[in-house]
Amino acid sequence: MAFLELNNVSKSYGTGKDKVEVLKDINLHIEEGEFVAIVGFTGSGKTTLINLVNGLLFPDEGEVLLNGKPILGPGPDRGVVFQNYSLLPWLSVRDNVKLAIDEAYPSASRAEKKERIEKYVEMVHLSHAIDKKPAELSGGMRQRVSVARALAMNPDMLLMDEPLSALDALTRGTLQEEIVNIWSQDQKTCLLITNDVDEGIVMADRIIPLKPGPKATLGPEFKVDFERPRVITEINKDPAYKHLRNEVIEYLIKVGANRKSTTHVDLELPDLQPIMPGRLQWGKKKEKEKVKYF
Amino acid sequence: MKDKLIKIVRFCGLGFLEPLIRLINGEEPKKNATNFVKKALFPVFSIILFIGIWHSGANYLFNKEATRKIEKAREDQGEEAAIAMQACIKAGSVSCQPNTLPSPAQVWGAYLSLLDDHRAISAKKDEFAAKTQKINAKRAEKGEDPIQYTGRPSFLDQIKTSIKTVFAGFLLAAFIAIPIGIIIGLSSTLRSSFNWLIQIFKPVSPVVWLLLVFMIIKTLITDPDLDKSFMISFISVGLCAMWATLVNTSMGVATVDKDFMNVSKVLRLSVGKNIFKVILPASFPLIFTGLRITLSVAWMVLIAIELLAQSPGLGSFVWEEFQNGANDSNAKIIVAMFVIGIIGFALDRIMLTIQKFMSFDKSEVA
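Line by line, the protein sequences give chains A and B. In terms of my numbering, the first sequence opens at residue 36 and continues consecutively. In terms of my numbering, the second sequence opens at residue -4 and continues consecutively.
If you are wondering where the hints come from, they were derived from the structure by calculation, not from laboratory data. Just so you know, even glycine gets a beta-carbon here, dropped at the ideal spot from N, CA and C. Each hint should be verified, as a subset may be incorrect.
[Unchecked claim] Pairs of lysine-lysine, DSSO-like flavour, derived with a Cα cap of 30 Å:
(1) B:253 x A:104
(2) B:85 x A:167
(3) B:260 x A:148
(4) A:148 x B:268
(5) A:168 x B:25
[To be verified] Distance windows between CB atoms, simulated:
(6) B:15 x A:173: 31 to 37 Å
(7) A:56 x B:265: 32 to 38 Å
(8) B:9 x A:56: 56 to 62 Å
(9) B:38 x A:302: 42 to 48 Å
Just chain A, with the same shape it has in the complex (with noise of 0.2 Å):
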């Protein structure tokens, strides 16, 4: 059995005519300890699928299992981050993750909450910036409180919505490796949503592609063996990256063009002549127009 199990999970947003099925049998099955990225496009109902995983949404058909029990709802076994760091702007960073912390121990002293916030927040590398508001920070150290509280509540899984796609090229990177060596310390098990490929093959070590929705699937899976600790220098020079990144790439490349192929609806134009405002004739006009009303 698998620390996390998605069984032919189904989910649509909408009723009768609106009705859109943005997820169709997802089948999904996560190790403890695993790090497994999710790589789709943009609108392919990656975040609906993380949803699904942290409680926030329920399927309408199959059964998201975490150790062979349903997910009823949110719950401090999985920690989320999500991908506009959602941190409460009125709350110092300190603040923000005493919320994680206060819920996940409940009991323990005021000493040790303050022990513990300060542990999370070095762990990020923060602790110079423990007292600041989130509008004081730069956009990838708001990631980093927002990855710190997630850990804070000492989770068993931790999922990650697009995490690092608000960051520039450079912050994603140490950002990237941060949370790899976070997740190297006690192997937590990682579910990460991404639309960076080369992200995918840098943190997990399965890459599974999501078909674009409506009614996405996951396609095969991609295993990712390189050794870690990754180096993104190093493993650029390495002609197996090469040759997985194009994989993949390619991969999405193809069930891309099929989507355009498949959505594909000639629209039929209605035939209109254009007004021409200075030639409306108001008189013979209104004697045609004889509208009632009730």
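Following the hints, complete the assembly by docking chain B onto the known chain A.
Just chain B, lined up with the frame of chain A:
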């Protein structure tokens, strides 16, 4: 020092002084001088222009009214009476002044006379306090109420009473509207079930609120020692003004950013923590906007309500002056108008400053 001063000045909404501070410090003299002229001197020009138009307008109205009076005297009593009337108006006699819009100079004069009046009344009060000091001490020993000064209140006393009333009303509005707004905002069921009430009562005129409150208070409070007219006026002010806060609070609470709610769910915050750590801070800007509107509405309706409720304050001052019909009554009414306007403006500034202080997103407050 300079930067700190600029920060304070900006915080208080006196941003137009900024170029002056920079100018004094010899910073970019040319640019700051033009900025100062733009931001500070042009408003002064516009004030002068305003007073000029007012002065000539008042002059025109005065002349028109005077001519009419003279014509009327001529028609009713003949040529001699008309000449007498003309002379009387020219001499500035109290008995025959045309009753019209007062000129700026007259208003200024009325303002000074009101200040004099205040001084005279305070002197009287002090005198009275000195006189009754011994008796009051004795009465206090016996456990009786002290004798109080019951003379006519001065203009400044009226202002104080008005401000007191408006704050009492404002606090009442805040205490009713914010909790209810939060509760309604949290539950869409409650929101839809009470929406009709808000929509119907929101546009009701202050006068009607006053009458409603009067009906209730009259029956409820029979104790003659309580200041009934004060209670009626501040409760009506509160009821009139609370709707803006109520609507804004419920909207603010109902539209908290979904990301924040997701965080709250993922961290599994308790209901109390969810409200106090997430929902309330997130809706602070809107709540404060509501409170700001509430305060300005409270000040606006206060005058009308005081006028009708016969409770002391600026409103009844205006009404009494209007009924009084003395020579400088009109000028005093205009003084009251400016005082009302300036205090209203100051109240709004105070609220804005508090709002800036409390809000997490400083840039959002305008």
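Quick rundown of the hints versus the structure:
no. : hint                     : result
1   : B:253 x A:104            : 28 Å, holds
2   : B:85 x A:167             : 72 Å, violated
3   : B:260 x A:148            : 21 Å, holds
4   : A:148 x B:268            : 17 Å, holds
5   : A:168 x B:25             : 38 Å, violated
6   : B:15 x A:173: 31 to 37 Å : 36 Å, holds
7   : A:56 x B:265: 32 to 38 Å : 36 Å, holds
8   : B:9 x A:56: 56 to 62 Å   : 59 Å, holds
9   : B:38 x A:302: 42 to 48 Å : 58 Å, violated
Violated hints, in rising order: 2, 5 and 9; the structure is consistent with all others.
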